[in-house]
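Trainee: Residue numbering for the sequence shown is 8 to 571, as defined by my numbering.
In short, the hints are calculated from the structure, not lab data.
Heads up, a few of these hints could be off.
What the hints assert, rightly or not - Computed cross-link-like contacts, EDC-like style, restricted to lysine to aspartate or glutamate with a CA-CA straight-line distance of at most 20 Å:
(1) LYS212 / GLU299
(2) LYS212 / GLU169
(3) LYS258 / GLU277
(4) LYS33 / GLU195
(5) LYS480 / GLU470
(6) LYS412 / GLU394
(7) LYS391 / GLU438
(8) LYS146 / GLU299
(9) LYS382 / GLU343
(10) LYS244 / ASP18
(11) LYS271 / ASP121
(12) LYS48 / ASP30
(13) LYS48 / ASP134
(14) LYS237 / GLU277
(15) LYS123 / GLU49
(16) LYS262 / GLU438
(17) LYS391 / GLU343
(18) LYS382 / GLU438
(19) LYS48 / ASP99
(20) LYS271 / GLU458
(21) LYS412 / GLU343
(22) LYS460 / ASP415
(23) LYS489 / GLU499
(24) LYS449 / ASP415
(25) LYS412 / GLU456
(26) LYS48 / GLU125
(27) LYS33 / GLU299
(28) LYS237 / ASP134
(29) LYS237 / GLU226
(30) LYS123 / GLU277
(31) LYS212 / ASP238
Claimed, not checked - Pairwise CB distance ranges, derived in the manner of DEER restraints:
(32) PRO385 / SER233: 48 to 56 Å
(33) SER112 / ASN223: 49 to 57 Å
(34) SER142 / ASP415: 38 to 46 Å
All C-beta atoms, glycine included, are put in the ideal place defined by N, C-alpha and C.
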Amino acid sequence: MTHERDITAEDTLARFDGGLILDAQKQLSTGPAISSMEQCKEYILPLQQHIGVISQPLIRTGDRVLKGQMLARPGDLVSAAIHSPVSGVVTDIRQHEVPHASGLSDLCVFIENDFKDEWLEREPLGDDYNNTSSSNMRKVVRDAGIVGLGGAVFPAAVKQTEMNVRTLILNGVECEPYITCDDVLMREHAEDVIAGADIIGHIIKARQCVVAIEDNKPEAIQAIQSVIDKDGTGFFKIRVIPTLYPSGGEKQLIKIITGEEVPKGRYPAELGVLVHNVATAVAIQRAVYHDEPLISRILTVTGNGVRQPQNIEVLIGTPMSACIEHCGGYTEDSDELIMGGPMMGFSLQSDQLPVVKATNCLLVTADIEQVKHKKHLPCIRCGKCVEVCPVRLLPQQLYWYASSKNTDRLIEHNLFDCIECGCCAYVCPSEIPLVQYYRYAKTSIWQQERERKASDLSRQRHEAHQMRLDKIKREREDKLRKKRELLKKKTEAQNAADNKSDGDGSSDGKTSKQAAIAEAIARAHTKKAERNKAAEQVNETATTQSEAKTTPDKESSNTRETDK
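Throw the hints in and build the complete structure from the sequences for me.
Mentor: So, in structure tokens, the structure goes:
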């Protein structure tokens, strides 16, 4: 079923299940304008900054690269390119710690900045995108390495399907506490937001675009509405929605705006709806109008543990420590560094990690505002987690199955429908970090699936190799068999020809053949006789010589007797 009608300003907004009203704490970072950071000496670019297959490097250690140059191409359909944020030299390609809940390392490209800021030659499309096909526009988005910047980091070009999408929803909700990067982006770059949405609308051939913003962002609402009023096409509409966490979730937002739910196992595009984040729209606008790949993003640095909370435009690959330093450094009572917000973010053990495409916020807490506790109590099955779950799951059951690593039951209870919003963990009286269990379980299942696929691929390769060997063996045997058959046919043909010749030949021919045989026999007899005769002559010669030796002896004997 698809969404059949246009959204209007008079439509009643729907409500999703569960959710929480939270203390937003957004005023900490919305005061200053977006600031730009000074460039760093070294940048670290992980090759896995997106959902999907890791990117494949195109460069080697020692190569000089230009700003905006593609360092790694997409490894598959669901993958994203990685580009150099500066000009400089590739000093290394190796494993390095990356910002991830697992705390593990991944393959990274290290670039030493030469501070020349030399760009790769650029050829922006500009307004010509209106005359460019959807497939070519998707290629522009794909080549620019653009992913969803709302947190999911799903490759944007893959979402821009050719399915019958009627409504584009531009997500400016930003419901997570503390995070304000989308808010200030809409305030300061409203025209770029709408221009990017117009490009996306062209790509997917949408009938309308609805810009959704929470009612706690009045300045952003005013800025976007002003640009929409100037547009005057009627393509854009703005819907102001109540502040409720997690309204910014894709499926939750679709429910609010359209009143429809995305069924399990289905995609929003199948309902005629596509959701993109406002920051993603700006990234697409930059790619089209400036031929600029995704090499930077707006980042919120906030919390009571940092001296000057603010939003900064930061190059991808910048060390997080440099971001904190740009914002005045840590306070004396700073306690914990979190990437993301207090609900969906995760703790980092070090600030020497690079900013990646998914880094929308660095939250620094202080001792007085512990966002997460280190210890938890046993589950008391109070059911509060069930009440607030926006996806209507059973969080306590998922917790038990994740603890016991019961993969089958986790899948049966729809673990992968969990959006990791953290509502369940927030209300848990035992302070169990439920989302951490779910993330670990998902990662384990994905790893098992990767290992299974790798095993299947290895088996398929072995079977294919064996099939090739068998084919070669059969071809060799067939070749030998055909050769034997051909030889046999030739022999039979020759024998047949000889027999025919014997049967049809004249008596003279027979006589000639018999004569030849007789002559051969005669020659053999002659040679044998000659050999016998030669042997007799040798014997006679030997006898004569023997007699000659005997005669002188007799004469000598007779002489001696005469002398006596």
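Trainee: For this structure, which hints from the list above don't hold up?
Mentor: 1, 6, 11, 12, 13, 14, 16, 17, 20, 21, 27, 30 and 33
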